[in-house]
Amino acid sequence: MSEIAQSPLQCKSLGRRPYQETYDAMRRFTAERGADTPDELWIVEHPAVFTQGIAGKPEHLLSTGDIPVVPTNRGGQVTFHGPGQVVAYPLVDLKRLGIYIKEYVFRLETSLIQTLDLWGVIGFRVPGAPGVYVNLNDPLHTGLPTGPRRDMFEGLGKIAALGVKVSNHCTYHGASLNVDMDLEPFRRINPCGYPGLQTVDLATLGIRANPEVVAGQWAERLSVHLSR
1 MSEIAQSPLQ
11 CKSLGRRPYQ
21 ETYDAMRRFT
31 AERGADTPDE
41 LWIVEHPAVF
51 TQGIAGKPEH
61 LLSTGDIPVV
71 PTNRGGQVTF
81 HGPGQVVAYP
91 LVDLKRLGIY
101 IKEYVFRLET
111 SLIQTLDLWG
121 VIGFRVPGAP
131 GVYVNLNDPL
141 HTGLPTGPRR
151 DMFEGLGKIA
161 ALGVKVSNHC
171 TYHGASLNVD
181 MDLEPFRRIN
191 PCGYPGLQTV
201 DLATLGIRAN
211 PEVVAGQWAE
221 RLSVHLSR
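Residue 11 in UniProt numbering sits at position 11 of the sequence shown, and the numbers go up by one each step.
Do not rely on the hints blindly, as some may be mistaken.
[As the list claims (entries may be wrong)] Straight line, CA to CA, 25 Å or less: simulated SDA-like cross-link-like pairs of lysine to any residue:
#1 95 to 221
#2 95 to 34
#3 95 to 153
#4 95 to 109
#5 95 to 140
#6 57 to 217
#7 12 to 94
#8 57 to 220
#9 165 to 127
#10 57 to 129
#11 12 to 157
#12 95 to 32
#13 12 to 194
#14 57 to 70
#15 57 to 193
#16 95 to 196
#17 12 to 217
#18 102 to 153
#19 102 to 29
#20 165 to 54
#21 102 to 18
#22 165 to 38
#23 102 to 152
#24 102 to 37
#25 95 to 137
#26 12 to 57
#27 102 to 144
#28 95 to 167
#29 95 to 194
#30 95 to 227
#31 12 to 38
#32 57 to 157
#33 57 to 196
#34 57 to 24
#35 102 to 180
#36 165 to 194
#37 165 to 10
#38 95 to 168
#39 57 to 95
To be clear, the hints were calculated from the coordinates, so they are not data collected in a lab.
Go ahead and model the full structure; you've got the sequences and the hints to work with.
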């Protein structure tokens, strides 16, 4: 592990690691931490893998093919991780930070929205659907559409997903931001349990960004929002 930034939140870059290995390490860290254990932020990239949330429904796995499916204890439904996507796992003591889960999720989404803003992209929330979205018609200038739509995701693309777990006030799992990746596997599932939801990355929006650069920017934003 190498240090990304100096912060009360210890930020570490793990490079590319298998999902199961990282999942086991997060659970072990959380189970063994004490009241004085410093909070950490792990930034990682995973080889291609589908991960299924604790309440995940098998019907949202359409045709996974040769990509493994790993069951997890996080919230949410199925999602995909792969090269070119930045994944952040904040290992944070919410009690010590003085916030509850709703505020924690809000801060995760805010950090993503602020990171996208650095690249000129307007990211936004969709009520009732955790994560960060963009307006496909004009992602650089327009936010959530107003007025009637056929469904809540019409004209939208999901660029960042969330799935968290809290154990004894301490968080693990986290969020993922699509930078420059193969998006085809998302068509093998109903992303986050939403049939027909379109998934995008920065490259889809015409922005060629280095995932390592984006990771550093996002880590800085997370450090601001998740440090005392």
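Against the structure, the hints:
For the hint pairing residue 95 with residue 221, the CA-to-CA distance comes to about 20 Å; that is within 25 Å, so the pair holds. Pair hint residue 95 plus residue 34 holds up; C-alpha atoms about 12 Å apart against a cutoff of 25 Å. Pair hint residue 95 plus residue 153 does not hold up; C-alpha atoms about 34 Å apart against a cutoff of 25 Å. Simply put, residue 95 and residue 109 have alpha-carbon atoms about 20 Å apart, close enough for the 25 Å limit, and the pair holds.
Under the criterion of a C-alpha separation no larger than 25 Å, the hint pairing residue 95 with residue 140 is inconsistent with the structure, at around 37 Å. Using a Cα cut-off of 25 Å, the hinted pair residue 57 and residue 217 is violated, with the two alpha carbons roughly 34 Å apart. Taken as a hint, the residue 12 and residue 94 pair is honoured in the structure, with Cα atoms around 19 Å apart against an allowance of 25 Å. Under the criterion of a C-alpha separation no larger than 25 Å, the hint pairing residue 57 with residue 220 is inconsistent with the structure, at around 35 Å.
At most 25 Å may separate the alpha-carbon atoms for a hinted pair to count; residue 165 and residue 127 meet this at roughly 20 Å. Proposed proximity of residue 57 and residue 129 is supported: the alpha carbons are some 16 Å apart, at most 25 Å. Of the supplied pair hints, the one linking residue 12 and residue 157 is violated, its CA atoms being roughly 29 Å apart against a limit of 25 Å. About 17 Å separates the Cα atoms of residue 95 and residue 32, which keeps this hinted pair within 25 Å; it holds.
Straight-line distance between C-alpha atoms of residue 12 and residue 194 comes to about 32 Å, which puts the hinted pair past the 25 Å bound. In summary, the hint linking residue 57 to residue 70 is supported, as the alpha carbons are separated by about 13 Å, within the 25 Å threshold. Taking the CA atoms of residue 57 and residue 193, the gap is about 8 Å. The hint holds against a cut of 25 Å. For a cut-off of 25 Å, the pair hint linking residue 95 to residue 196 is broken: about 38 Å separates their Cα positions.
A distance of roughly 13 Å separates the Cα atoms of residue 12 and residue 217; the hinted pair therefore holds under the 25 Å criterion. Between residue 102 and residue 153 the alpha-carbon distance is near 22 Å, which keeps this suggested pair within the 25 Å criterion. A C-alpha spacing of about 23 Å is found between residue 102 and residue 29, which places the hinted pair at or below 25 Å, so the restraint holds. Under the criterion of a C-alpha separation no larger than 25 Å, the hint pairing residue 165 with residue 54 is consistent with the structure, at around 10 Å.
The straight-line distance between the Cα atoms of residue 102 and residue 18 is roughly 29 Å, outside the 25 Å bound, and the hint therefore fails. Restraint check for residue 165 and residue 38: the C-alpha separation of about 18 Å stays at or below 25 Å, so the hint holds. For the given pair, residue 102 sits about 21 Å from residue 152 by alpha-carbon distance, which is consistent with the 25 Å threshold. Of the pairs offered as hints, the one joining residue 102 and residue 37 holds, with about 23 Å between alpha carbons and a cut-off of 25 Å not exceeded.
Note on residue 95 and residue 137: the hinted pairing is violated, with a Cα-Cα distance of about 41 Å set against a maximum of 25 Å. Restraint check: the Cα-Cα separation between residue 12 and residue 57 comes to about 33 Å, which exceeds 25 Å; the hinted pair is violated. About 21 Å separates the Cα atoms of residue 102 and residue 144, which keeps this hinted pair within 25 Å; it holds. Of the pairs offered as hints, the one joining residue 95 and residue 167 holds, with about 11 Å between alpha carbons and a cut-off of 25 Å not exceeded.
Between residue 95 and residue 194, the direct Cα distance comes to roughly 32 Å. Violation of the 25 Å bound is thereby established for this hinted pair. Under the criterion of a C-alpha separation no larger than 25 Å, the hint pairing residue 95 with residue 227 is consistent with the structure, at around 12 Å. Distance restraint check for residue 12 and residue 38: the Cα-Cα separation of roughly 12 Å lies within the 25 Å cut-off, and the hinted pair is therefore satisfied. For the suggested pair residue 57 and residue 157, the alpha carbons sit about 22 Å apart, so the restraint of at most 25 Å is met.
With a C-alpha separation of about 16 Å, the suggested pairing of residue 57 with residue 196 holds against the 25 Å cut-off. In summary, the hint linking residue 57 to residue 24 is supported, as the alpha carbons are separated by about 22 Å, within the 25 Å threshold. Between the alpha carbons of residue 102 and residue 180 the distance comes to roughly 29 Å, so the proposed pair goes past 25 Å and is violated. A threshold of 25 Å between alpha carbons decides the hint, and for residue 165 with residue 194 the separation of about 21 Å falls inside it, so the pair holds.
Our distance criterion of 25 Å between C-alpha atoms is met by residue 165 and residue 10, whose separation comes to about 19 Å. Only pairs whose Cα atoms come within 25 Å are accepted, and residue 95 paired with residue 168 is accepted, the gap being roughly 9 Å. A distance of roughly 31 Å separates the Cα atoms of residue 57 and residue 95; the hinted pair therefore is violated under the 25 Å criterion.
In summary, the numbered hints that this structure violates are 3, 5, 6, 8, 11, 13, 16, 21, 25, 26, 29, 35, 39.
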